[in-house]
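K.L.:
Spelled out, the chains give:
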Amino acid sequence: MGLVLLVVIWLITFISTYFFIAKTWWLPTGASAAAAGIDHHFATTYLVMGIVFVAAQVSLGYFAWKYRDRPSAPPARYVHGNNMLEIVWTVLTAILFIGLNLMSSSIWASERFRPAEPGATQVEVTGMQFQWYFRYPGADGKFGATKPELIDASAGGESALGLDTTDPASKDDVVTGTMVVPVNREVEMILRAQDVIHSFFIPNMRFKQDAVPGLAIHMHFTPITIGDYEVTCAELCGLGHYKMHGMLRVVSQDEFDKWLAAREAEKQ
Amino acid sequence: MATREFAAHEAHAHAAPQGFIRKWVFSLDHKVIGLQYYFLALTAVIVGMFLSLLMRIHLIWPNITLPLLGDIKPETYLTLVTMHGTIMVFFVLTTAPQGGFGNYFLPIQIGAADMAFPVLNMLSFWVTALAFIVMLGAFFVTGGAPLHGWTGYPPLSAVPTAGPGEGPGADMWVISIALFCIGALMSALNFITTTLDMRAKGMSMMRMPLTCWAWFITAILGLLAFGVLFSAGILLLLDRNAGTSFYVPLTVFSGQIVAHKGGSPLLWQHLFWFFGHPEVYIAILPAMGLCSQLVSVFSRKPIFGYKAMVYAMLSIGLLGFMVWGHHMFMSGMSPYTAFAFSIMTMAIGVPSAIKTFNWLGTLWGGRIRLASPMLFAIGFVSLFVSGGISGPFLAQPTLDIPLHDTAFVTGHFHLIMGVASIFGIFAATYYWFPKMFGRMMNETLARWHFWLTFVGTYCIFMPMHYAGMAGQPRRYSQFTELHYLEKLIPLNTFITFAAFVTISAQLIFIFNLFWSMKAGKKASDNPWEATTLEWTTATPPPHDNFGGHTPVVYNGPYEYGVPGAPRDYVMQTDPATVAAH
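As you go down the protein sequences, you meet chains D and A in turn.
Residues in the first sequence are numbered consecutively from 64, following the working numbering.
Residues in the second sequence are numbered consecutively from 3, following the working numbering.
Hints are computed from structural coordinates only; laboratory data are not their basis.
Treat each hint with caution, since some may be false.
Distance windows between CB atoms, simulated [to be verified]:
1. A:Leu-225 to D:Asp-215: 19 to 25 Å
2. D:Thr-107 to A:Met-324: 24 to 30 Å
3. D:Pro-181 to A:Ser-233: 43 to 49 Å
4. A:Leu-240 to D:Ala-106: 43 to 49 Å
5. D:Ser-122 to A:Ser-317: 45 to 51 Å
6. A:Ile-48 to D:Ile-114: 38 to 44 Å
7. A:His-545 to D:Ile-78: 50 to 56 Å
8. A:Leu-316 to D:Gly-240: 49 to 55 Å
9. D:Gln-316 to A:Ser-317: 49 to 55 Å
Every residue, glycine too, gets a C-beta built ideally from N, C-alpha and C.
Given only the sequences and the hints, what does the whole structure look like? Please build it.
P.N.:
Right, here's the structure in full:
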């Protein structure tokens, strides 16, 4: 029985670990400036916690077998503990855990403490059941006013956001269902939600932030690889949660300018 | 100190009732109330498990028509998610370890005749039972049960037009939780008073079994946490029905502006998680205490580092109230606070690690008897480690960016809070069944149950970590809408099959439980050769627990493998005090 327990615990440990090491399922390919740092710290944490995991499970299985009760077994050791050991492992785990944490704090700080750089591409992201809308301020660099009483979700586009067309700043605002941004330039987003909480999640960009009704949350990230990336909603938002998806298209600056100009032209 | 406790003890003895109603229904006896809680939890876990099975079926075959139940629509899936989570967290993980085993064994293990307030105890059970009925009732009202998840984030949970089930079903859900809080608060008061005031002579705090410490600390957490959830629930009920706006900002649903505005959705999250994180420890601490107990009993060794174990549980309890923000790194709260919550959360890993080291230290050099309670205790340690090591990933806001609200989180908390606690409940059942029912459970069936459940739960929850890393969001009813999720369907199919096997294996347990009550081998008074007070009394214990006399305690609870002792253990009540202690 002790042997079976050892084999089962070890097998579970090694098979689980194999799939982590083989990266059979892993973080999606990173495509933002922050991805490399996050992935690196993920790997570091994985390595440290993986060692703890294997060490603890292997000794658990080994002890269960080695110290099993049988006629030839020596009597159990009558020990109540060891204060020195307690202090040693308390201090070691404290250093390990807090250390890991401090290592990653600079990434978090650069992601969330500083505002977006001047000159970043401006996009307003609005979540509503069950759709993402993206708004660009146009040539004037200003988002026009929106009014809740003007919202007409069924009409889509500008009307879904309740854009006030009498506001001059709204004249050149572009509203789309696909988010298009130029590569290698920071994107500043203003996240909003109309009805319930949604969460704007782009796995490849290592980006996630809740969009909360009543709040305008400013976030930023820098895409570094041209391509199409799926956007999902990561906060339970109602019956259509599973199909609330969108597309992020990262293109060259030229292509972006052309795309935006074409949208402006359509609007006129 | 002992004399005062001793005096309080006598006053609470009451005569054994004769009629069926007073004896088994509205009983004041903590043992009967413990069994009532246990069977309430057993009913709830069967419902909760069935809901999870439907969820797994829908995820893989979204278009299947089930006999009797028909189609599962996406909103029905979310209803299953909500009710599975709520029922499991409240009516299983909070109810069985504390209300069930705590009620039954805390008074006996400290040498008391009953809980401090027997009537309060009866009330807390019946309020909890009522809460469960109201919760199930949500399925049968117009619109059905709510779909807002067990965390019930407003505005989704606060605006009736936010989705199907957010009408009367959501009201029932909130009322049920508020009722549950009342029951839990009464129960917490009772546990705390009983532990402080009703200990037998010689039972100092530092001679209490670690199970009693765990129940005591859990009760303190309950007292501080459930009051907050209760208030939060009342505010939500007012937002839903009285036109207040604690949680509802200006919102527009399908072009309609909701009449009230000005509230903050984040307020609910703060209140909810101020309860919600301690709740994790409310679910797991009793299992930790029990596991410490069993590892010592079945290794025939004193627990390694008794005091360290007590201090570790106390620090987990204390730190447990300072980490709620780690559920909210992506919520839009200030990113600076994330820093503090993150450090506190990593700090809570330290006492958890200390406990694991001490369990391993207890096994080391023992003579381990691998009976079924011990198998589940070892299984608990393994699951606790596996669920624990993913904690430091989620505790760091940087890594929480890709992992938050993915299947990684689902895997993490199911291992550590769900299955690990459930293993605690199984271990407790196999361990105390002889004392509760006077018969042994069938050991062969128990072992089959262990192997299938142990391997099965790993097959279910380990792959969820992989799926989460690959970006699979939680609470998705199908994986058909996003291209990158399609490649995760085989992994999810594997999980569904593993769930089938594991859930079927629970039938072995349920059969064994009821069959052994009738036909199990007769148990002796102390079948596991354990030292604590419940094993000094008759099997099952008489109405006043110790048959007219009050035990006097001379020893600590973990005197096993004692050199020179006539047997290899010394009972807590054995006056021949151990020299080494």
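K.L.:
Quick check: which numbered hints come out false for this structure?
P.N.:
1, 5
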